[in-house]
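Mind docking chain B on chain A? Use the hints.
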Amino acid sequence: MKYTRFEKARIIGARALQISMGAPTLLKIPKGMIAPIDIAMLEFKEDAIPITVKRVEGN
Amino acid sequence: MDKKTTPKKTKNKKDKKKVDTKKSLKTTKKIAKKEKKQIKKKEYKKEVKEIKKQTKKTTLKKAKEEKVKKKGKIEKKKEEEKEEEETKIMVPPPAKKDEPEEYKKLRTEIKKILDDRFLPGSVIDEIIIKVLNEKALEKKLKIIIDRAFEHYYKNIIDPAEACGIVGAQSIGEPGTQMTMRTFHYAGVAEINVTLGLPRLIEIVDARSIPSTPMMNIYLREAYRINSDLAKKVANQIEITKLNSIADIETDLTNLTIKIKTNKTTLDNKNISIDEIVDSIKKIRGIDVKVEKDSIKVVLDEPSYKKLLDINETLKDLKVKGIDGIKRIFIRKEPNEGYVIYSEGSNLEKVLEIIGVDPYRTTTNDIQAVSRVLGIEAARNMIIEEAYNTLSEQGLNVDRRHIMLVADVMTTDGIIRAIGRHGVSKEKESVLSRAAFEITVSHLLQAARRGEIDKLGGVAENIIVGQPVNLGTGAVELVMKKGKKK
Chain A
1 MKYTRFEKAR IIGARALQIS MGAPTLLKIP KGMIAPIDIA MLEFKEDAIP ITVKRVEGN
Chain B
60 MDKKTTPKKT KNKKDKKKVD TKKSLKTTKK IAKKEKKQIK KKEYKKEVKE IKKQTKKTTL
120 KKAKEEKVKK KGKIEKKKEE EKEEEETKIM VPPPAKKDEP EEYKKLRTEI KKILDDRFLP
180 GSVIDEIIIK VLNEKALEKK LKIIIDRAFE HYYKNIIDPA EACGIVGAQS IGEPGTQMTM
240 RTFHYAGVAE INVTLGLPRL IEIVDARSIP STPMMNIYLR EAYRINSDLA KKVANQIEIT
300 KLNSIADIET DLTNLTIKIK TNKTTLDNKN ISIDEIVDSI KKIRGIDVKV EKDSIKVVLD
360 EPSYKKLLDI NETLKDLKVK GIDGIKRIFI RKEPNEGYVI YSEGSNLEKV LEIIGVDPYR
420 TTTNDIQAVS RVLGIEAARN MIIEEAYNTL SEQGLNVDRR HIMLVADVMT TDGIIRAIGR
480 HGVSKEKESV LSRAAFEITV SHLLQAARRG EIDKLGGVAE NIIVGQPVNL GTGAVELVMK
540 KGKKK
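Sequence order for the protein chains is A and B. Using this note's numbering, read the first sequence as starting at 1 and increasing by one per residue. Using this note's numbering, read the second sequence as starting at 60 and increasing by one per residue.
FYI, nobody ran anything at the bench for these hints, they're computed from the structure. Even for Gly, the Cβ is constructed at its ideal location relative to N, Cα and C. Mixed in with the good hints, there may be bad ones.
Said to hold, decoys possible - Quick list of the computed label-pair ranges, beta carbon to beta carbon:
| id | chain 1 | residue 1 | chain 2 | residue 2 | range |
| --- | --- | --- | --- | --- | --- |
| 1 | B | K163 | A | K28 | 56 to 66 Å |
| 2 | B | E487 | A | P50 | 32 to 42 Å |
| 3 | B | G524 | A | L17 | 15 to 25 Å |
| 4 | A | R5 | B | R459 | 15 to 25 Å |
| 5 | A | Y3 | B | D457 | 19 to 29 Å |
Said to hold, decoys possible - According to the in silico footprint, chain A covers these stretches of chain B (three or more CB under 8 Å from chain A):
| id | stretch |
| --- | --- |
| 6 | 213 to 225 |
| 7 | 529 to 540 |
Extracted from the complex, chain A is given alone in its bound form:
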């Protein structure tokens, strides 16, 4: 499934919040990558985040 830009932002945001609060990362993170948002984006790129969206039919 392709995500819209809003969905992508929301998923990465949610995951970054988890990471920032101390959640273990799901991938091997390269050294020096500290920012939770960067990590979340990497995880998203690798399709490692166990989160999707529930789409509602319009109206």
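This is chain B only, laid out in the frame that chain A set:
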């Protein structure tokens, strides 16, 4: 008529009689109307014939007499038949231009390639034209279509996009640059039309009558080529007051009014004296006598004051034409023939006139369009008018922003204004209405009625302190099921 009413014998006899008389009255009225229309048609047929005959005659003279006479008769008969067919079908729909074979072929091919995928018609049309121009592209058709599809879906708007806000800003920002030079003379004709910001406000406010109503009246095949016929149609449309075609003189000694008509002006306007008399007779308390070229009006009861009164009404008496249409200009347009431009608008009546092409005639009175042609037509008119007023000022606003505005205005089946009196007033949500205007009274009334707010819109959610149901806020996250790495 009687047969229809007889089955309902359950009602009282009196009632039935009443119904009968009413119905018969209606039918007689209808019949009278029909007859009038038919007479009108016949008159027009005659006129068309006469003009054609005249042109025929002049051409006939040039050729040899006897042979041509025979031929001419046959041709005339044929033409008469043709004309009869033309008038029988009141207004034939515009002939659809058939696509050339190549286009059709390509179109079916594209459809095959697209399969279930969707591409808008305008994109397909563009591809067809491009491909037909460059034959080399035909082999790459599949790649082209795939690319077009890809690009189309890349650029299509995402769900949950705040398209309304984007649209409002996209129209609003160029709107600030609109000049104050608001009046403009449309084309060569000296018709004054409101344009620019006032016109845009007028469209969006859904005014019942535009400040400068205007019509472009296109004519049907035979009428738009022949200047005489075009003039005749124009004469039927333009309002003609008695004052402008005749001299009205009051005879104070005899307490009579004499209306002297001028034959040439009457002929020019194609009005007969009988028509004038008919319209004068509608005034009460007078008697009309026709004397050659003049009309004598005698009061039933001699009174000086009444004479002056009637003199005033006579001056302003409508002899011919359509109410609301003030001035008319006929212009010859390239590739079109004669087109009538009018100051003032009355779509209902103009469309009834024989010779007017109802498929192309337009007015800038959007409410009239909605009344006569329906809400879809009104939506198109809003888009067209708003787009034209903006682009006329050199502002390029994307059509789709305006389409959104038009959609909001017309979704209910009636035209609603944007703002206080229309859209904002009829919002479902209490909080949204309260946020707009007169907060306290809206909240009070809502409390009295026990209204429920579903918190669907932007304003409500902001008031409550929730994320707005737009963009990122509209996304609902769930855990991915199964599949662990």
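Of the numbered hints stated previously, which ones are contradicted by the structure, given in increasing order? none
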